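Colleague: As they're listed, the protein sequences go chains A and B. Residue numbering for the first sequence follows this note's numbering, beginning at 1 and increasing consecutively. Residue numbering for the second sequence follows this note's numbering, beginning at 1 and increasing consecutively.
Note that these hints are calculated values from the structure, not bench results. One should not assume that every hint holds.
[Stated by the list, open to error] Capping the alpha-carbon separation at 20 Å, the derived lysine-lysine pairs in PhoX-like fashion look like this:
| no. | chain 1 | residue 1 | chain 2 | residue 2 |
| --- | --- | --- | --- | --- |
| 1 | B | 93 | A | 534 |
| 2 | A | 546 | B | 102 |
| 3 | B | 93 | A | 546 |
| 4 | B | 68 | B | 58 |
It should be emphasised that the depicted structure is a prediction, and the values quoted were computed from it without experimental measurement.
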Amino acid sequence: MLTLLRRFTLLYLPLALGLSIVLVLLARFDEHTRVAQLASSEARHVGVARERTEKDFESAEGDIRIIVEMDELRQYVDSGDALHRQGMEEFFLLLSRGRQHYSQIRYLDASGQEVIRVDYIDGMPVAVPHDELQNKSQHEYFSDTMQLARNEIYVSPLDLNIEHGLVEIPYRPVIRFATPVFDSAGRRQGVVVLNYIADEMLQHFRLAMQGSESVGGMLLNREGFWLSSPNREDEWGFMLDRPERTFGHAYPEAWRTISKADVGTLRTEQGLFAYATARPLLIDEHAFMGSVVQGVSDGKKQSAAGYHWKVVSFVPQSVISSGAFYHRTSGQILTIAAYLLLALAVFIIVLVVSRHKKAEQALKEMALLPEMAPGPVMRVDRDGTVCLANTASNDLYGMDKVEGMSIFKAIPGLAGEEFAEMFGPDEKIMQVETKLGAAHYFFVLRSEPLRKYVFVYGADISPIKLLEDQVRQAQKMEVVGQLAGGIAHDFNTLLGVILGYSEMLRDGLPEGGVSRQNVDAILQAGKRAKSLVKQLMDFSRLGTSKQEPVQLALLLKETIRLLRHSLPEKLTVQQDIQVNTGEIQANATQIGQVIMNLCMNAAGAMDDGEGLLQVSLKESRVDDRMATVQHVQPGSFLQLSIADNGCGMDSEIMQHLFEPFFTTKGVGKRTGLGLAVVHGIVKGHGGFVFVESEPGKGSSFHVYLPKSRGAKS
Amino acid sequence: MARILIVDDEELFRKMLRQMLELAGHKVTEAADGAEGIEAYRKAPTDLVITDIFMPDKEGISTIQDLKQEFPDAKVIAVTGGGNKRCGYEYLKFAETVGADKTLSKPFERQEILDAIQELLA
Numbered sequence: 001m002l003t004l005l006r007r008f009t010l011l012y013l014p015l016a017l018g019l020s021i022v023l024v025l026l027a028r029f030d031e032h033t034r035v036a037q038l039a040s041s042e043a044r045h046v047g048v049a050r051e052r053t054e055k056d057f058e059s060a061e062g063d064i065r066i067i068v069e070m071d072e073l074r075q076y077v078d079s080g081d082a083l084h085r086q087g088m089e090e091f092f093l094l095l096s097r098g099r100q101h102y103s104q105i106r107y108l109d110a111s112g113q114e115v116i117r118v119d120y121i122d123g124m125p126v127a128v129p130h131d132e133l134q135n136k137s138q139h140e141y142f143s144d145t146m147q148l149a150r151n152e153i154y155v156s157p158l159d160l161n162i163e164h165g166l167v168e169i170p171y172r173p174v175i176r177f178a179t180p181v182f183d184s185a186g187r188r189q190g191v192v193v194l195n196y197i198a199d200e201m202l203q204h205f206r207l208a209m210q211g212s213e214s215v216g217g218m219l220l221n222r223e224g225f226w227l228s229s230p231n232r233e234d235e236w237g238f239m240l241d242r243p244e245r246t247f248g249h250a251y252p253e254a255w256r257t258i259s260k261a262d263v264g265t266l267r268t269e270q271g272l273f274a275y276a277t278a279r280p281l282l283i284d285e286h287a288f289m290g291s292v293v294q295g296v297s298d299g300k301k302q303s304a305a306g307y308h309w310k311v312v313s314f315v316p317q318s319v320i321s322s323g324a325f326y327h328r329t330s331g332q333i334l335t336i337a338a339y340l341l342l343a344l345a346v347f348i349i350v351l352v353v354s355r356h357k358k359a360e361q362a363l364k365e366m367a368l369l370p371e372m373a374p375g376p377v378m379r380v381d382r383d384g385t386v387c388l389a390n391t392a393s394n395d396l397y398g399m400d401k402v403e404g405m406s407i408f409k410a411i412p413g414l415a416g417e418e419f420a421e422m423f424g425p426d427e428k429i430m431q432v433e434t435k436l437g438a439a440h441y442f443f444v445l446r447s448e449p450l451r452k453y454v455f456v457y458g459a460d461i462s463p464i465k466l467l468e469d470q471v472r473q474a475q476k477m478e479v480v481g482q483l484a485g486g487i488a489h490d491f492n493t494l495l496g497v498i499l500g501y502s503e504m505l506r507d508g509l510p511e512g513g514v515s516r517q518n519v520d521a522i523l524q525a526g527k528r529a530k531s532l533v534k535q536l537m538d539f540s541r542l543g544t545s546k547q548e549p550v551q552l553a554l555l556l557k558e559t560i561r562l563l564r565h566s567l568p569e570k571l572t573v574q575q576d577i578q579v580n581t582g583e584i585q586a587n588a589t590q591i592g593q594v595i596m597n598l599c600m601n602a603a604g605a606m607d608d609g610e611g612l613l614q615v616s617l618k619e620s621r622v623d624d625r626m627a628t629v630q631h632v633q634p635g636s637f638l639q640l641s642i643a644d645n646g647c648g649m650d651s652e653i654m655q656h657l658f659e660p661f662f663t664t665k666g667v668g669k670r671t672g673l674g675l676a677v678v679h680g681i682v683k684g685h686g687g688f689v690f691v692e693s694e695p696g697k698g699s700s701f702h703v704y705l706p707k708s709r710g711a712k713s
Numbered sequence: 001m002a003r004i005l006i007v008d009d010e011e012l013f014r015k016m017l018r019q020m021l022e023l024a025g026h027k028v029t030e031a032a033d034g035a036e037g038i039e040a041y042r043k044a045p046t047d048l049v050i051t052d053i054f055m056p057d058k059e060g061i062s063t064i065q066d067l068k069q070e071f072p073d074a075k076v077i078a079v080t081g082g083g084n085k086r087c088g089y090e091y092l093k094f095a096e097t098v099g100a101d102k103t104l105s106k107p108f109e110r111q112e113i114l115d116a117i118q119e120l121l122a
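Please build the complete structure, drawing on both the sequences and the hints.
Modeller: Written out as structure tokens, the structure reads:
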């Protein structure tokens, strides 16, 4: 589980990082697109507002031009006739009612004295009585206008109306349009002044900016003071002694661009700005005098193009951000879903990979099974060719690679027809026992479900075979022993009869006669028979045997010394006798006979008596398994080994080795009881004989005799 | 000259031994098993009893035991050809422990039995 979690974390973290990068890029792209759309939309709003603002101005320009071009006015300035004055006043009243956005329409004479004045009060035009008319010669608009040429128009900055030196409450935004009036002789006789109330224009501006995503439209004068602002307190800073209330102060970075550029959009840390420059005056046709800031007049004329306002839309960063990818519900759902899907995908991948790895590991471990098998494991195709084999197979056949070998060569005795049946419709298991060199092998052949191959498993059963042989031999010896014991008594009795009568018969026969010789022959044969029966009795443990503590090492050395003279001279005798091996309970004569029989046998196995005879003695332990097979008690034994490098024996000979009367020496040479007697004597001592032999390589006879209990080494 | 009782189930052996001992000057009687042997001894005690070990009905060991119990002075030579499960040597040793004065393995030579008889009756 921990591994699974670790793998999940290791895979998920980098992928989640990658997903985060993708999502950030996506969010940026989304914001970029959104801001572009917003910029486009805001620019459109700003453009509409700018056009609307400029349009409102056109009527005022037109109106003042009509007034100064009127014959009635020219006639009045030429003549000063009261009738013409009245005519002008009526026209002013008509214009005031018609337009409704001039708070004052005036004519001032060259001294600055108001001559005609119509105020628009509470929706009604009112002609101001003569005695209430004022002199405005000190006012900037008058002095500036008096300097203008024909057709030039003074336009004041948009500011708040001042009455009697104070800002009129409620605020009344106003622009003064003025132009000089010339008499027929071309002399300046006065000025016409229109006080244009900008309320309506500003309302139109605000209306035009509605629907924008911005905080609201802003209208700025050249210095960056708000003429219209969503935050109304910011407006008219220059009139209300609030010099810090400027756009430039609030948005310095944006103002640096907006104040210089004509139109455009701008992105700062504070947000998105769309702006346009409104130029309400018709370019090239008019000019104006005066400053846009009240009270600051340099008295110089400026171009119409210089008279401008900035229409600005501002979308704060917070508004942009609030619409950002991560702030939108859809974006949040998409983000969470993406991470969850990624986690799910990673989990599935990790699970699949983990299972795959486990399966792979299991396969690897499974693959070890045949490789680690001590015996051959092979896969054989239909042709009988080994196509896959483990190392044990290579070792068995002494090849670098068994692959390619024929199975019929690998398993001698395997029948071709039976092998072909392995590929039949039914699953089959076949067992073959065969000899490979000196070793016995047991093979199991098994067809696999698809019938494409046959799997072959082999095991070296040589040790089992050997044990089987020994068990069989021991059983046979037991039977032979019982048989011998059974007849020994009666046989000896009858032999006693023959020998007894022969002796008595011999007494009555003359010495040297043929009959006497014949009876002697009977006696001789009888004695040999007696000897044979005695040997047979020894074999079957029926003979007389007196056992006492014997130092086997000493007995062995002594027997070899005595025997040396009877052995061929060419035979080399090598001794490896451990002297401190302690005592055994034994009949020294019988054990001596065992040593003698084995040595004579070994000598007989050599060609011409030439070879090596090795005699050794050591302590050995017989375990439970060996003890069970050999019918002895497990424990400490002395192992007496007599080995030769003679002709050796095949398994057929070894099967009959201890049987009485079995001999390879030919009839008449030996009794065939030598090894049978060895077997009988050793059995009579509670021991056993273990034989190893290979044709052409020699034989080893290992005699195991139990150590005396409590005997000291 | 001595009186000798031969106890053996094998008639051929009895007859051969009888002839051998009679030729040596002894007076011989026969019995085919232990029970018959003891009965014959009761009727006519002999100087020596030569008995086989392996016999049907009543074998040699119990025969020696019973004889020695009834006639402690009786002289007995036990003979056997060995056989069966246990070795003859052990049976002869066993026979000695139950009272046999001498033991011999079958087949024995004539001189062996005559020497043994002489030794016992000396």
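Colleague: Keeping to a limit of 20 Å between CA atoms, is the pair of residue 546 of chain A and residue 102 of chain B held or broken?
Modeller: Holds, at roughly 18 Å.
Colleague: Within 20 Å, alpha carbon to alpha carbon, are residue 68 of chain B and residue 58 of chain B?
Modeller: OK: residue 68 of chain B and residue 58 of chain B at ~15 Å, within 20 Å.
Colleague: Please verify whether residue 93 of chain B and residue 546 of chain A have alpha carbons no more than 20 Å apart.
Modeller: Holds, because 11 Å separates the two Cα atoms, which is no more than 20 Å.
Colleague: For residue 93 of chain B and residue 534 of chain A, compute the direct alpha-carbon distance and say whether it is at most 20 Å.
Modeller: Holds, at about 18 Å.
This entry satisfies every hint, going by the numbered hints stated previously.
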